[in-house]
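**Q** Below, each chain spelled out in residue letters.
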Amino acid sequence: MTFAASTLPTDEATFAQLIFGAPLLGAVLLLFFGKRLGKLSGIIGSATVGIAFVFGVLSFMDLTSIATGHGENARVLTKSWFTWIEVGDFNVHMSLVIDQLSIVMVFVITGVGFLIHVYSIGYMSSEENYGRFFAYLNLFIAAMLLLVLGDNLLVMFIGWEGVGLCSYLLIGFWFEDRANATAAKKAFVVNRIGDFSFLLGIFLLAVSAGTLTFAGINESAVSGAIGGSMATVGALLLFGGAAGKSAQIPLYVWLPDAMAGPTPVSALIHAATMVTAGVYMVARTFPLFEAASFDVLLLVAWVGGATAVITAIVAAAEYDIKKILAYSTISQLGYMFLALGVGAYSIAIFHLVTHAFFKALMFLGSGSVMHALDGETDVRRMGGLRKVMPITGWTFMMGWLAICGIVPFSGFFSKDAILAGAWADGQYVLWGLGVATAALTAFYMSRLYLRVFEGGVVMPEGTHAHDAPPTMAAALIPLGILSLAAGALNFPGGLTFEHFLEPVLGEPEVAHGLTAWLLGGAATVVAVGGIAVAWALYLRAGGLQVRDRTERMLGPAVRAARNKLYVDRTYETLILQPGRDLAVFCTEVVDRKIIDGAVNGTGKLVAGSSELLRRLQTGYVRNYAAAFLVGVVVVFSILIVRVAA
Amino acid sequence: MSLPDYLPILFLIILSTVFALASMLAASKLTPKRVTEAKSQPYESGIVPETGLDDRERFPVKFYLVAMLFIIFDIETVFLYPWAVAYGDLALFGLYEMLVFVGILLVAYAYVWKRGGLEWAE
Amino acid sequence: MDFVAPKIALSGIAPEIALAATALLVLLADAFIGDRPRTLRPEHGSARPGSGILGNRWHLPLLSLIGFGAAVYLALDAWDRVDATGATTQFSGMIAVDGFSVFVKITLAVFGALTILLGHEYLVRRDLEEGEFFALVLFSVAGMMLMASSADLIVTFLALETFSIALYVLVGYQRSRLDGQEAAMKYFLLGAFSSTFFLLGIALVFGATGSTNLYGEGGITSFLATTPAADLSLLVLGAGLLIVGLGFKVAAVPFHMWTPDAYQGAPSPVTGFMAAGSKLAGFAALLRLLDVVLFPLRWDWRPLVIGIAVVTMIVGSILAVVQDDIKRMLAYSSIAHAGFVFTAVIATNDRGISGALFYLATYGLTIVGAFAIVAVLGGPEERRTRVNDFRGLFAAHPLLAGILTLLMLSLAGVPITSGFVAKLVVFGAAVEAGYTWVVVVGAIASAIAAFFYLRILVVMYMVDAEVAEEPKAVMGPLSIGVIGLSAAATLVLGLFWSPLIELAEKATFFAGP
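Residue numbers (the working numbering), protein chains in the order written: chain A, 1 to 645; chain B, 1 to 122; chain C, 1 to 513.
What the hints contain is simulated information worked out from the structure, not anything from laboratory work. In this text, all values refer to a predicted model and were calculated from it rather than measured experimentally. Here a beta-carbon is modelled for each residue, glycine too, at the ideal position from N, C-alpha and C. Hints are not guaranteed to be accurate.
Said to hold, decoys possible - Distance windows between CB atoms, simulated:
| # | chain 1 | residue 1 | chain 2 | residue 2 | range |
| --- | --- | --- | --- | --- | --- |
| 1 | C | S498 | A | S609 | 36 to 44 Å |
| 2 | B | Y81 | C | G512 | 36 to 44 Å |
| 3 | C | L158 | B | F63 | 27 to 35 Å |
| 4 | C | K506 | B | V66 | 20 to 28 Å |
| 5 | C | G34 | B | F63 | 28 to 36 Å |
| 6 | C | I8 | B | V66 | 32 to 40 Å |
| 7 | B | A110 | C | G86 | 41 to 49 Å |
| 8 | B | A110 | C | A192 | 27 to 35 Å |
| 9 | B | I9 | C | I8 | 37 to 45 Å |
| 10 | C | F295 | B | L80 | 38 to 46 Å |
| 11 | B | L95 | A | S637 | 47 to 55 Å |
| 12 | C | L76 | B | L95 | 29 to 37 Å |
From just these sequences and the hints, can you work out the full model?
**A** The structure is reproduced here in structure tokens:
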């Protein structure tokens, strides 16, 4: 496999800039005229994303059409606008690339993004800053597209920072509430840590590889031009960035808080797209990870596995519907990193796709529930809602079954493939973690689904639940269908999806034959077991007693889980408090006394001396003449000293 | 000539300054001060002023204007004397130069006249 | 005593002669042609009834402009001659005919012509005397030109007095304005005061060298060349006083005290003319004197000039910050600019001289435009010249505000304006000569200076409900033309500076002994 883009026959990507330009145009339009456009902004916002999707389809057709001419590897379309940085031999072009990997991401972003935009038309209808919301949302889509379309790390980094900014803006969309603003800040700061690592990685690679294009980096990684240890550090730094954006241990704490944003935002940014940027980035640069002398990939796998299990445990103890979904998202992202770590890159992407469908669906479903129940998010105050709001209920069921990994829902295929990949890689412990996560996932999602949608109808007092309005339903139904059927993309027989990505990501090593069937069976059994336990505890008559008993038995563990395993508190004590102290020290002593002192001092010096000099300007000619004379005397003195010396 | 050669001059400057200041100081300290009417009267070239102290009038600005114009043209005639003395040597060149000089004066004169600078009353 | 009639070659001072002759013609035309109101009305505000915006005495400015045209033509003619045969001296070595003087003369003629255009409209609007104004401008430009080509200290003094006396009158031209009267009086008294020092300087130089001539046989240059062992202390002291006298004209600290008062009190077209022309003339004499004639003595005078440059840059910039009146502020800014030009004088290399020429030419074009804008906004007696009076200018006159922005940015030395290029050139020359630290001081002063230019901009673009009176520009085609020309020059020379710089470099050659 070669990666040198320059040696490959590449074709011009006609639509690349249009894909990302359409939502950008929408964002600019809405930012400036959002207020005046009123309700029209929702339609404009959705339409531009829809247009981007259409351009994605056109690009896809372009991409497949050239395949016949040049063979599989040649499926690359590039679009270079201008040379951005040119220092000696080091060039960075502002260029986009469309290949199998980026087109998949484009489809996810524009497809799911479009549905969520449509959903938002209904969901945000009573919102005052309607236009601004869609402007941010469009801007996000544009930045995300730039992220996945960029053909080098720097362009990706622009998108990376862009989505971070939009995430910040949208989490804090209702910034009037202090808690939301704090959550936004937290997301931003934690992401900065990752971004900083990413940036360091970019610098390092620029120096060691002499290029920032993915093709160039990957090629130098394969050819060994980047030394093993250099590759290790580079890969670790990149992974640091990925862990920040994709909410992996230890940087996942921002994502649950990010649920403060409007629910469509949670669905789009914090489930389907932005948080998967880390996965995408690692997949893009996997040869670098493989070239590392230290097994960075194993670290990736372990971080993913650990994150998956730990956050699944926390999710099982949460009562807030959105927080459950948030922890679930982190856990599923852990899955994807697990897949990356065991070398099953295309499967990680596959899970990314299916997860985008079913998790977006469930977020939107939960949004529909909140919409109906006046913003209620506590699952303990809900029940039997499927009878009240059938569309939401049925579609949510699709998502539930998909994430639990029940045949033939999409989640089964992607999750099963990950577990099979881990097994085939010989990482049995990781496989165990994956299975445990699968069980936990089935349990907590069933707990959520069964509590909210099944059993007797429970609603907070004074609310009149109603089903989703048409625009929201219009998003839920397609996503429900996709959650059910997306597995078809990569049925075990054809493995269409894997083969499609093969030129970019290589062929994953997975279990075959009987092992595959056994592994799939085991996963299904575990999933069904999880569902059964949940059913027993939450739906079956007398479940409450069992629950009490279990909770007492697992006392400390449950308490720990309820307290998010004390992670936030630990961070608070170890990092935030000392940091705050340092900040106080800096503002009180360094800034106020030293820096402000210097700055104000300079200002005062200028103003003061100015005032002093101004006083000399009395307006009396005699004083002017005296000053003149003083000047002459000074001149004379200087010269006399000069000539005497 | 080097700087030290000028030292006597410097001493002279200092000496004269000191002497002047000292005599002024002595005069102001030693003289009796009696204010009389005559002393307070404006000095008009030794002629007894026609106006008394009580109704001192301001001189019209025309007075100064005419005085200045007189001086300017008067001084210009002064330049004619040395020219006349050296006229023989200067020959034609001197004549042209003086024509230019007088021509310029003439323009000024014409201007002043035309603009009413020489009219005493409007 | 035998008299030898000098060989009459007039090409060196032909432009001056043309201007002086035009001035006389203007006076005659003023007196004899056209009807004039019998009484001069000191009231103002409206143009004379029945006359267009150009006034009914438009032949006077036209005549003046023809004079400037002739001066430029004659200067170019002289250029052709010196370009072909090299620099010479005329009038028994009292007039230098070289590229340097020709460049300065043409620049001065442009400043003068702009002042005529601006002045005409200004005077018509305020119902003021015109003929004398034009004659005075013509005379003073003639004096300034003579400064540039003077090769004898006596001629320098004559030139200095010629343009100064004309300027004293011009400053107080609007007699109804008390501050104008006061300004003229102060300028005159201090000018006379400084002239005495200049004269004393000439006397000392004469005492040291036995000559007031710069180049001729037995002149200062040959004195310096032939008597290396001589004690030069007296010459150095004399040079110091010459620097004082010329420093007064270019508004160098500490001889700058007259500047804000005179700039504020003078009619704005005159202020612009002073800032552009007076500075150029003063520096022309300084450059010839220090960088050429006294070049062998540079180690003696340079510390002094460095001190003046540094103090001038800093004091000018700092004092500008606290000014509330835009004319005073521009006055201090002009002081700071004098300091910047001094850095080029310090450099004592060809780049410094050509850089100073470029600087003064571009600065003059910019500052004339700036004062033209002040003039059209100031009202009949220029009472509306406080910084706060510019509040909301952008809303009232967006284009004018835009142009003022450009001019201010140029004065601040922001790229793509001529001011930036000019600073770059003079600072570059100083760095080349090894005076980096002076340039650093200059950069700091520029940074301080940027503040007050920006202050005007901020005020201009502010839309404030509390605007007591919206800025109101009263301008006719001449003002618009001058402002537009100034803006165009500022921008074009900021983008395509090389022709003018090359011209200045080409013109940097001097008459020698």
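**Q** Taking the hints in turn, state whether each one holds.
**A** The hints, checked one at a time:
no., hint, in the structure
1, C:S498 x A:S609: 36 to 44 Å, "holds (39 Å)"
2, B:Y81 x C:G512: 36 to 44 Å, "holds (39 Å)"
3, C:L158 x B:F63: 27 to 35 Å, "holds (31 Å)"
4, C:K506 x B:V66: 20 to 28 Å, "violated (53 Å)"
5, C:G34 x B:F63: 28 to 36 Å, "holds (31 Å)"
6, C:I8 x B:V66: 32 to 40 Å, "holds (38 Å)"
7, B:A110 x C:G86: 41 to 49 Å, "holds (43 Å)"
8, B:A110 x C:A192: 27 to 35 Å, "holds (29 Å)"
9, B:I9 x C:I8: 37 to 45 Å, "holds (41 Å)"
10, C:F295 x B:L80: 38 to 46 Å, "holds (43 Å)"
11, B:L95 x A:S637: 47 to 55 Å, "holds (52 Å)"
12, C:L76 x B:L95: 29 to 37 Å, "holds (32 Å)"
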